[in-house]
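Novice: What follows is the residue order along each chain.
Protein chains: 2
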Amino acid sequence: MKQYLQHDPWCIIENGFHRDYNEITESVMSLGNGRMGQRGNFEEGFSGKTLLGNYVAGVYYPDKTRVGWWKNGYPNYFAKVLNAANWIGIDVEIEYEKLDLNLCEVHDFRRVLNMQEGYLERNFVATLKSGRQLQVSAKRFCSIVDDESGAIRFSITPLNFDGKVTLTPYINGDVSNRDSNYDEKFWDEVRKETGYGEAYIEMRTRKTAFHVCTGMMVEIMQDGQRIDFQSQPIRQEKYVANRMTLDCKQGQETVVYKYAANLSSMNYDPDRLVPLTRDYLKRIVGKGFDRMLYEQKQAWADKWKTNDITIGGDDESAIAAAQGIRFNIFHLNQTYTGEDERLNIGPKGFTGEKYGGSTYWDTEAYCLPFYLSTADQKVARNLLLYRYKQLDKAIENAQKLGFRAGAALYPMVTMNGEECHNEWEITFEEIHRNGAIAYAIYDYVRYTGDEQYLVDYGLEVLIAISRFWSQRVNWSEAKQQYVMLGVTGPNEYENNVNNNWYTNYIAAWTLRYTMESVEKVKALNPERFTALCDKLHFREEKEVSKTKQIVEKMHFPYDEQRELFLQQDGFLDKELLTVDQLPSGQRPINQHWSWDRILRSCFIKQADVLQGMYFFEDDFDAETVQRHFDFYEPMTVHESSLSPCVHSVLASKLGLRDKAYEMYLRTARLDLDDYNNDTEDGLHITSMAGTWLSVVKGFGGLRVKEDSLLLAPYCPEQWQSLSFKVRFRNALIQVTVTQTEVSIQNFSQQSIRIVLFEESVTIEGSGLKVVELEKEA
Amino acid sequence: MKQYLQHDPWCIIENGFHRDYNEITESVMSLGNGRMGQRGNFEEGFSGKTLLGNYVAGVYYPDKTRVGWWKNGYPNYFAKVLNAANWIGIDVEIEYEKLDLNLCEVHDFRRVLNMQEGYLERNFVATLKSGRQLQVSAKRFCSIVDDESGAIRFSITPLNFDGKVTLTPYINGDVSNRDSNYDEKFWDEVRKETGYGEAYIEMRTRKTAFHVCTGMMVEIMQDGQRIDFQSQPIRQEKYVANRMTLDCKQGQETVVYKYAANLSSMNYDPDRLVPLTRDYLKRIVGKGFDRMLYEQKQAWADKWKTNDITIGGDDESAIAAAQGIRFNIFHLNQTYTGEDERLNIGPKGFTGEKYGGSTYWDTEAYCLPFYLSTADQKVARNLLLYRYKQLDKAIENAQKLGFRAGAALYPMVTMNGEECHNEWEITFEEIHRNGAIAYAIYDYVRYTGDEQYLVDYGLEVLIAISRFWSQRVNWSEAKQQYVMLGVTGPNEYENNVNNNWYTNYIAAWTLRYTMESVEKVKALNPERFTALCDKLHFREEKEVSKTKQIVEKMHFPYDEQRELFLQQDGFLDKELLTVDQLPSGQRPINQHWSWDRILRSCFIKQADVLQGMYFFEDDFDAETVQRHFDFYEPMTVHESSLSPCVHSVLASKLGLRDKAYEMYLRTARLDLDDYNNDTEDGLHITSMAGTWLSVVKGFGGLRVKEDSLLLAPYCPEQWQSLSFKVRFRNALIQVTVTQTEVSIQNFSQQSIRIVLFEESVTIEGSGLKVVELEKEA
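Just so you know, the protein sequences line up as chains A and B, in that order. Take 0 as the starting number for the first sequence in numbering that gives the first Met the number 0 and just add one per residue. Take 0 as the starting number for the second sequence in numbering that gives the first Met the number 0 and just add one per residue.
Honestly, I wouldn't trust all of these hints.
The list treats identical chains as one, so a pair stands whether inside a single copy or across any two.
[What the hints assert, rightly or not] Listed below are the simulated SDA-like cross-link pairs for lysine to any residue, each with C-alpha atoms no more than 25 Å apart in a straight line: (1) Lys552 to Cys601; (2) Lys296 to Gly285; (3) Lys478 to Leu576; (4) Lys206 to Val66; (5) Lys545 to Cys601; (6) Lys184 to Val66; (7) Lys128 to Lys392; (8) Lys128 to Lys163; (9) Lys399 to Val578; (10) Lys353 to Val66; (11) Lys521 to Glu540; (12) Lys399 to Ser583; (13) Lys399 to Glu491; (14) Lys399 to Cys601; (15) Lys377 to Thr447; (16) Lys478 to Phe555; (17) Lys70 to Gln585.
What the hints contain is simulated information worked out from the structure, not anything from laboratory work.
Generate the whole structure from the sequences, applying the supplied hints.
Specialist: Written as structure tokens, this is what we have:
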């Protein structure tokens, strides 16, 4: 855990340069706009610890997989998020001495990520070896208005000298991935152009043949005036630049404005990328940096209007909490905007290259509720459409594993719908992901009321997933039940188990929900249903009857004595210990124990049975949930960043407020405090949605049932107040809860009826409802 | 399956050059002497399909492992059997045209491995592009008398020309492993020397720093006379040679004798390897090729005297069977001679580089009985000592996995005692190997009567293995029994199962045998026992009482209704199918099914429950074995080369002679007929012992009980007779069985008492006993 960043409600602040933590800070201060993203690297370059990262959404590389022993069915490649051409670079030379914070003295260093307005700023004074001292200020952003571009204001002020300053804004396409399996380079150069204060380089990925043109235009200001400058074009392999040497005077600020754009062949004619990039740049240069920044602030203000969460309290911990939750919301919005249904939410977003792929079950299980509640309905819908469009690949994937036509197994990790993961116990066995994709359809329809989605897309996906489940179970003569053998549940500290309760439950649930959806679609649009049956060769009677049999006769491991659903068959054969019996030196167990010891132990990586009780809470009474929480949570080591949030929500529901807060704290500042020592690789983007869940579904008690929004908020005793905004079916409300009252502000014109603490409450358009809280016993 | 090699009782014959099968033939015709081995490569080089291989026993390289996702406890390296310097090379140029069978016409090609006398011979006529025709004969062997050397007689006879022939015998150290994870080279050059008709190169392995000096001396004969020749030394990087140009006349045979030696720093002072190699070569050149070959024949004759198996019958299938069994015996003797307890039996011996490591549980489970029955007692003893000397590493290995001091887990694959394997389901879970190492001690003591071995070495190993088992089980409150969770049994088509019956059984057996051995050692040598207790901190009372508890309360999965031990918990939840229900196009399933499908299925890779009934046959009555055989064998796909032999032995015992013969056939000519399409990688050396088992323990019914040799031989109806030799406690007997009688020849001076068909029979020294067989009903 590191706490070198300042607490502030709206900004992430590094005061003084923390050289050894630079890669962590780079991750934390990443910028993105859904289309591209950029780590918090230095414009002028840095010879110390740094991980360069510019990522262009949807552009990936199929890296050769690395496996110990090949298993049939493994995918041939692992889709890597690619480091693309460096567009921020501006080399600075002062009388032939390069500015490099690794090689000079640095004073008054301050790097600030402004989350309210969406930009990154850096100021410092450098004293070079020559003794020359200069003040540098850099400000940049990835525009969410012009979302294929970024702009930089980079200024230099000599403090103790007059002299020549050489500036070389460049674009360097000769980048590689640190996370490459065989140290290969992934990009080839296609073409490049340079002109007066401008330069373009078009690169193409090997194998996947994505083209990306990165272009830049440069302006220089001195004394507040745009100046003409000598621009010497430089063209090297995979590299273009403009070199300019300026006379600078002591105290005089020289400003470089560098405008850059990344245009990819996903969105443009690959043959015209260079001229299109030039046009794009001309347009934004026409706006100018200040106008662009103004628009950026406005756009972020709009986002915060529907997204913000505030935590009241003057003490440090409340400020830290407020900063933590905003940090998460900020990055979720930077990663995914829902503009393009071909994109998804990578585990590291645009903040690092680790893991590869862009889509895990995290999207459906953790991220979807965030976008449902904070963004336009189409954002969540696009996340669903992403899977719909990859249905064919999911069917292919199931076929590769031996399933018959029509059954779909969505991949564990993917970029384009093809499976990329290759550990057999995950790839082939962690199949509950398929259930989460069905659940997301349910979640979306429940939240939005958009039943038409079922008609147009949802049912098709549900039928394919259900067909998978129907084939994946087998009849056990011994048990006289259907069993599901050889699976890995959400708790990845168990592999290849039989009858993981969660998987069996979500499978049976999918089958039921599919049957319900069949009825729904038949009722809503019989013609469409008939057409679908034809398309899918869906023989309703036969498939529904098999489905019913499975649902009725599914095996759920259960212990009569404890009245407990068991995580899997044989779970009670383990030595049952609790986490507090583990010596602290042995935690996290995944860093201290051999894999077999982890597997044999009862310790649970992340919610498994409890994940099911979280998803399907209405199927279980509170005593049942409490009993399972009491049994499983103490065995849970929470070594996945996706674990504490689910427990926090459940604990809130069970009235275990201390536990809920403890669990919330474990995710809230995961990256800001580098809790797991891995923030340098990038941020845990998808688990950020988990933090939001623990606040809004946990502390806020937000649910949607029968077309109503339900709330049961409380303010953790550590805070003075908690306030969050929620969108629900064209309404926008803000819920504020203190230790004594709840107030609900309706920002919409029309009135909204909600269920507050199980009582129906109506709030007029633009109205405010205040309810006093009963004191707790 | 390929059947291009000729059937012959003593030779493996390739008539006509089978270019596309060359790598297969190279494997089949490998030569070895326990210290070094050489694939059947061509002396003159070959630009076609070839896998060069010269292997020096014990010399390995710790190749970087390649894993998909690292698991704690994985070893850092994978020990590779190394391709060492090429010592057989003799480049041949005829008037500046290189002789290369890939580039010229080849007639009358014949390559013969003579197993009776232990050499490889090759004859052919080549017609070069120039039209020049020459007769070439090559004969070579790896001497088992001078076991660090090989000798080659290579002769050329111009058939239609007079002209200059340039011969370049060389040693090329610039070799690599095809089976390298990252295409690295493993050898550096240390020094080289050349002289008149001689050359030396000393190479050192990277990381492990083994030094190997490979040297050669060359003689030339023309017209039956040794001649002086001009020798031009060549020294290049990692390469030394002597180039000589000779005038040859039509019809005149020019013979090169090339003597080579590989001396390694495992056996010699690394600073003096070059002079020592020169001395070594001088000595063997002094003998000369003919004398060496004579000694080779004598030495092989001695081996066959105690090893041979003959199969009577004039038809092709009897000849093929005889050839097959001799082929196996021949290669087992080439691979391991028991001279050096640091060596072991690699899965490919000296015939290929695949798999790496030299020691698997195959040694104890399959190979040991072969050496026990065919070689001096010290050979088997050295196999045991190999493990004894690696006990410390096995204890370290267990510690790495979290076991407490004193518990030993022997590695799945090793070269020097350290684990090299890295699939978690094998490395950490296929722990039954530990039981096989205990069983081997029992097997050795039972066979030899050498109880002193327990005192000196055996008990120490048994205590360490038993400590592992005691820690590896845990008490199940639910079952009120000890359970063993998370294991992989011999049937590797199941991973991470609970309570694999075989593993639980061999664990409990080890615990019992250790307790017995404690008593035995106490009785034989109380002082030694006390000293051992001190050394091992063995607290007899406490450990024995825990051990007894575990033995008493061990869980063995069992089905009451079927009266069947179950392969593992939950086995009956599977869909129970038999192999004959599988479409043939889906076999072998490991090439057609995804891994999860294999795991979920009931299909069994190799004997698992039945492996236990094979090892511990006296614990189960015949009906029980039959019941288990009837249940499990039909589910067994025998996709390990180690599977059929165990089933063959059991089937023989159960009187299922057709089954026994069918299973025998599946191993007998595995490599000769390239049954699995992988002989090109090298031979399945350890499974060769399995074939021997199915003949001698299966058809022969050989057992040892209470210090007596038991026999119950029968001759498969497909043959006229079967004859095998067995050593037992200083006696050597030959058992011959026809369809009507058994005769036993005692080659020893003293009489021997054996149990034949459960009746005690005494055979006088040098006597013969003939017993008529009852006709089968």
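Novice: What are the numbers of the hints the structure violates, in ascending order?
Specialist: 7
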